[in-house]
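Okay, here's what each chain looks like letter by letter:
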Amino acid sequence: MLTSRAENIRLPTSLKTGEMENRRLAKQAVAFLILSVVLLGSIFFGLCAGRFSITPARALEIVFNWLFTPGLLINQIDERIILLVRIPRIILAGFAGAGLAVAGAALQAVFRNPLVSPQILGISPGAAFGGVLAIVLGWWGLALLGLSFASGLIALVFVGLLARINGRSEIITVILAGIVISALFGALVSLSQFLADPNGSLPAIVYWLMGSMASATWQKLTLAAPGLIMGTLLIMAMRFRLNILSLDDAEARSLGANPDIERWIIFLAVTIIVGSQVSVSGVIGWIGLVIPHTVRMIMGQDNRVVIPASAILGAAFLIFADTLARTMTAAEIPLGALTALVGAPVFAVLLRSHYRERMQ
Amino acid sequence: MIMLSDVTVRFGSRVILDNVSLHFPKNRTTAILGPNGRGKTTLLRTLLGQQKMNSGLRHAPKIVGYVPQAVMLAHPYSALDIVVMGRAASLGLFGRPDKKEQNIALEAMARVGVAHLTDTPFLRLSGGERQLVLLARAIATGADVLILDEPAAALDLHNEMRLLDILTDISQESDKSIIFTTHNPNHALNVADDVLMMMPDGSTIHGTVNETLKTDNLTRLYGVDMQFIRLDNQAEEQSLVIPSFSLCRKCPAASVKF
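Keeping their order, the protein sequence lines are chains P and F. According to this note's numbering, the stretch in the first sequence is residues 1 to 360, in order. According to this note's numbering, the stretch in the second sequence is residues 1 to 258, in order.
Bound conformation, chain P alone (with noise of 0.2 angstroms):
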């Protein structure tokens, strides 16, 4: 041989490695305890503000009285209040937001960018034309949920035929075909509210279709709470395999993976998700976006962290940005026009200092 080969080989200094690693485990705890607190925060937020403001410490013992007396009556106004109104209203925007932020997380891995949203795929548009179907036909709870989720299905299914070239999918026609489809559904929506009563229910649609958890109830809660669970609690389970889908497809197959079948079992999770959250609270967008990008930013890349520290932040975004948009004035405001507003600019400032420092 040309070379001595024992001096080009460093020895395993594993005593440094294992100390690099401690390091990081000890960061990653450390940003999941603060993101832990800011979703603690933002439940408390939610419980005391409003109209009828209620002072933590009471807010917290109508909790605890209610969790450890099973039974209890609840017959004073604040109990009222938080039991009914407040507590099942931050539930139902905790799953969403962890379920949006999860689903808008697994895409940006699974097509390898991190600008997609479940806009792209077609499901978000494909849902909320089920819903308005649903509401022009007078139809609410399981019958809207159950249409807009076929719907948003159907759109995928649609993705998936249009997307499938001799028997496998690119990313980039599943891209192109997932724009298709969000303008045939997005036209579908139109059409619906062109041909609604407008003293009927194209005011429902109207106000449904800018996204809002105010009509949140227990009962709406037992609805979308079993597909928000079901389809977060999937991909969380295949958040370390989501490293691996998010790799070039001959890369992904080389290391044991199926990317034509895994990358459909996250779609079809995403929708089980998106559908159940715009059936009981219209269309909110940005979450999966915005949430997703911050964790990466604080945390890294590896989706293995990624995946839960999105759902903890978006169900605490979530819960916030609904307790203001049901604080800020008199009237509610739309919650979807809220993420959007919130949601917009810090993506435009998140995105600039990302590349700019990746530019460096």
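Hints are computed from structural coordinates only; laboratory data are not their basis. There could be a bad hint or two in this list.
Said to hold, decoys possible - Calculated pairs, DSS-like style, for lysine-lysine (alpha carbon to alpha carbon, straight line, at most 30 angstroms):
(1) Lys26(F) / Lys52(F)
(2) Lys27(P) / Lys100(F)
(3) Lys99(F) / Lys27(P)
(4) Lys26(F) / Lys100(F)
(5) Lys26(F) / Lys214(F)
Unchecked claim - Cβ-to-Cβ under 7 angstroms is the rule here; a few derived chain F residues that face chain P:
(6) Ala74
(7) His75
(8) Tyr77
(9) Met85
(10) Arg96
Unchecked claim - Rough simulated footprint, nothing fancy, chain F against chain P, three-plus residues with beta-carbon under 8 angstroms:
(11) 112 to 118
(12) 232 to 243
(13) 255 to 268
(14) 292 to 302
Model, not experiment: these values are computed from the prediction. A virtual CB, placed ideally from N, CA and C, is assigned to each residue, including glycine.
We have chain P; now place chain F onto it with these hints.
For chain F alone, kept in the frame of chain P given last:
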């Protein structure tokens, strides 16, 4: 062990592999030589099971360690994150690497000498370091077959030597079969046991380096006159194969040929 029997691959009317049977036994390192566009990468893709074959069979283990030429990363993972991904096959759809898997990855990184880079984002690494990290990932898969697509193409001389040395080490220490493509016949001469020449006329020559890597074969392979030079000034006897024109860069006749 990895094997192709009677494999034909066509791109439209162009035949890339014509009824090829190949066998890469364990404990052997094979270099694949061939001119640009002859189908080296297609052959690797076929071995990896990623190329649709028009006919023939592929016998391969479920997981083959693969070191691509370059990696496009949308998300800047750390080097350790990249290497840990090598464990994916044994973890399945819902699995996550635990401490043990993490240690296998760290060992693989130590083995190729990049243990100090664990936390560095992959995209900040130099070309040579990236290649070594990808090699560590391929080792971390625990696969019996390692396939490298032009591993030395982007490397400076020092890193090239380092990579070839590591490859030699791996082949000597473990029962793996190693297959790599290269444009430099000296890599075959120095590292490989066997050589597979993909000739311009569509045929292939497969044999041991000693019997196959000859001036006439190489001349036919590249369409350039090749010659061996013996270096006697070292303790070990060493030869080098070079194109003839490089001895006479300034001769008018040779530069026309170049």
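Check your understanding: Going by Cβ atoms only, is His75(F) closer than 7 angstroms to chain P?
Key -> 4 angstroms, holds
**Study point:** Straight-line alpha-carbon gap Lys26(F) to Lys52(F), limit 30 angstroms
**Key:** 25 angstroms, holds
Check your understanding: Do three or more residues of the region 292 to 302 of chain P come closer than 8 angstroms to chain F, measuring C-beta to C-beta?
Key -> Holds: 4 residues of the region 292 to 302 of chain P have a Cβ under 8 angstroms from chain F.
Review point. Lys26(F) and Lys100(F): Cα distance at most 30 angstroms?
Key: 27 angstroms, holds
Point to revise | chain P contact restraint on Arg96(F) - CB to CB distance below 7 angstroms | key: Status holds, d = 4 angstroms.
Practice item. State whether the coverage of the region 112 to 118 of chain P by chain F holds or is violated, taking the criterion as 3 or more residues with Cβ-Cβ distances under 8 angstroms. Key: As far as the region 112 to 118 of chain P goes, the hint holds, because 3 residues have Cβ atoms under 8 angstroms from chain F.
Exercise for review: Between the region 232 to 243 of chain P and chain F, see if three or more residues pass the 8 angstroms beta-carbon test, and mark the coverage as holds or violated.
Suggested key: Result for this restraint: holds, n = 6.
Point to revise | Cβ contact check, 8 angstroms cutoff: the region 255 to 268 of chain P against chain F, three residues minimum | key: holds (count 5)
Check your understanding: Under the criterion of a CB-CB separation shorter than 7 angstroms, is Ala74(F) in contact with chain P as hinted?
Key -> The hint holds - Ala74(F) has a Cβ within 7 angstroms of chain P, the shortest such distance being about 4 angstroms.
Practice item. Below or equal to 30 angstroms on CA atoms is what counts here, so check Lys26(F) against Lys214(F). Key: Roughly 24 angstroms between the alpha carbons, so the hint for Lys26(F) and Lys214(F) holds.
Exercise for review: Using Cβ atoms only, decide whether Met85(F) comes closer than 7 angstroms to chain P, and label the hint accordingly.
Suggested key: 6 angstroms, holds
Point to revise | Lys27(P) paired with Lys100(F) [C-alpha distance capped at 30 angstroms] | key: At roughly 21 angstroms apart (the allowed maximum being 30 angstroms), Lys100(F) and Lys27(P) satisfy the hint.
Hint compliance for this structure: no hint is broken.
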